[in-house]
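Asker: Sequence:
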Amino acid sequence: MKRILLLMAMGMILLWACSNDNDVFEEDSSVPVVAGTYSADLVLSTEKGSAPEVSTRGLDSVNGQFTDVYPYDYIYIHSADSKSDEEGHRCLRIPLKDVVFCDGCQGIHLEMEVLDEESGGGYVIKNSEGESITLAANEEVYFSTIDSAYWKADVTGATPVSGSDVFIQDNDINKELLRSQLDYSKEELVSLLGEPAPSIPMERHCTAFRVYFMFTDVFASNMGTIDAAQWNEYFGEDYTNFYVKLYLGPNFTEEYNVYNDEVTDPAGKGFYVTNEQEYRPFMYAEYGTTSGTGGMIAFTGFGYMTELGNYLIAPLNTHLPADSFSVYVFVKHTDNIAAEPDDFLTSDAGAKWFRLQVPSMTLETNRVHYVVMSVDYRNLDIFKEEEQPVAARLTRSPWQMPQRMELKHPYKVIDVPGE
Numbered sequence: 108m109k110r111i112l113l114l115m116a117m118g119m120i121l122l123w124a125c126s127n128d129n130d131v132f133e134e135d136s137s138v139p140v141v142a143g144t145y146s147a148d149l150v151l152s153t154e155k156g157s158a159p160e161v162s163t164r165g166l167d168s169v170n171g172q173f174t175d176v177y178p179y180d181y182i183y184i185h186s187a188d189s190k191s192d193e194e195g196h197r198c199l200r201i202p203l204k205d206v207v208f209c210d211g212c213q214g215i216h217l218e219m220e221v222l223d224e225e226s227g228g229g230y231v232i233k234n235s236e237g238e239s240i241t242l243a244a245n246e247e248v249y250f251s252t253i254d255s256a257y258w259k260a261d262v263t264g265a266t267p268v269s270g271s272d273v274f275i276q277d278n279d280i281n282k283e284l285l286r287s288q289l290d291y292s293k294e295e296l297v298s299l300l301g302e303p304a305p306s307i308p309m310e311r312h313c314t315a316f317r318v319y320f321m322f323t324d325v326f327a328s329n330m331g332t333i334d335a336a337q338w339n340e341y342f343g344e345d346y347t348n349f350y351v352k353l354y355l356g357p358n359f360t361e362e363y364n365v366y367n368d369e370v371t372d373p374a375g376k377g378f379y380v381t382n383e384q385e386y387r388p389f390m391y392a393e394y395g396t397t398s399g400t401g402g403m404i405a406f407t408g409f410g411y412m413t414e415l416g417n418y419l420i421a422p423l424n425t426h427l428p429a430d431s432f433s434v435y436v437f438v439k440h441t442d443n444i445a446a447e448p449d450d451f452l453t454s455d456a457g458a459k460w461f462r463l464q465v466p467s468m469t470l471e472t473n474r475v476h477y478v479v480m481s482v483d484y485r486n487l488d489i490f491k492e493e494e495q496p497v498a499a500r501l502t503r504s505p506w507q508m509p510q511r512m513e514l515k516h517p518y519k520v521i522d523v524p525g526e
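First residue of the sequence shown? That's 108 in my numbering, and the numbers climb one at a time after it.
Since the hints were derived computationally from the structure, they do not count as laboratory data.
Please note that a few of the clues may not be correct.
[Stated by the list, open to error] Capping the alpha-carbon separation at 27 Å, the derived lysine-lysine pairs in DSSO-like fashion look like this:
(1) Lys190 x Lys459
(2) Lys459 x Lys376
(3) Lys376 x Lys259
(4) Lys282 x Lys233
(5) Lys459 x Lys491
(6) Lys376 x Lys233
(7) Lys190 x Lys282
(8) Lys515 x Lys491
(9) Lys519 x Lys459
(10) Lys491 x Lys519
(11) Lys515 x Lys459
(12) Lys233 x Lys190
(13) Lys233 x Lys204
(14) Lys491 x Lys376
(15) Lys259 x Lys190
(16) Lys259 x Lys282
(17) Lys282 x Lys204
With the sequences and hints as input, model every part of the structure.
Answerer: Have a look at this one:
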């Protein structure tokens, strides 16, 4: 698991102590934790560390690579507990700011006030905006990129086959999740702020996905193509008369405990769905690369692919086996969308579906998966063979429920790892 490195440069430490201890600056002695205020500017490094395991890995959403850039302009410091906000969990947002001791870089300003014994010996952490959280003397803190002790998915319903939870890509939570590798006590924070070049290693607890799915002419192991003219000649109609929806899972979780680095329901199964659970007409899709261990990969066809820069970013349930990770493809067809019921795009009535298992899936964090799925277009013959007129479909007879279809023609699923 790779970690993000926050390098800190010391701004100043202001110490007002009630103690008369004259050995406070004695050589080789640690900074004593006495009542007073400790303050420092902390710089977030955008450079790799000396070893890969201590390097920042932000997500370059254009090129699909993890970079060395810290991804946000803030970080949160938390009380080290699994409490909810209602139960007393405390969290403080620390914004980035320009700092004077490095050229063109930003950092965060952290101020810590240690209380005297008469006040309980606890400590108060403040940000540059005058906000604060108060900790007891024996309480610890950790850092993360979200403002809660729990990461929670946006549940939008259940899968039409298994009834498992379905999640959508909410922009507020579809972000990188980072947590400090360690928890820090009052004494450790004071010691950290006293170091000439202190650092906080952060671990990544999410994985990124981008999906390419297409019906094409699969004529080689890693190659296939079809154009609109060939499609129209074979089916006698445009590819936009076919509609698709994808479910990815079941290795996603509804809730993740950031403090404990654990999902709250190890046995829970969850799926992410495309387009907020709506069917969309086939679109032109393509994927090509010559990088990685798979050699040249080149597919073009019609189906679905996530928009450029759009990545699904979420924690994984590592208690479920990696080889269970699959993409469930649901396809509908109509040659007259205007005559269909109003819920044609939101209902699974009349859909055909099949499962594509991702053979090389791993549950590693800090990895960008490009899931490339190419299915021979002749598998869609089932719609030509079984389709009924629109008037017959309006009755919603039992045949309209989602039906599993068998893939009788070639298909290929490739999991291409990001950089």
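Asker: Broken hints, numbered, in rising order?
Answerer: Result: hints 1, 6, 14 break, sorted rising.
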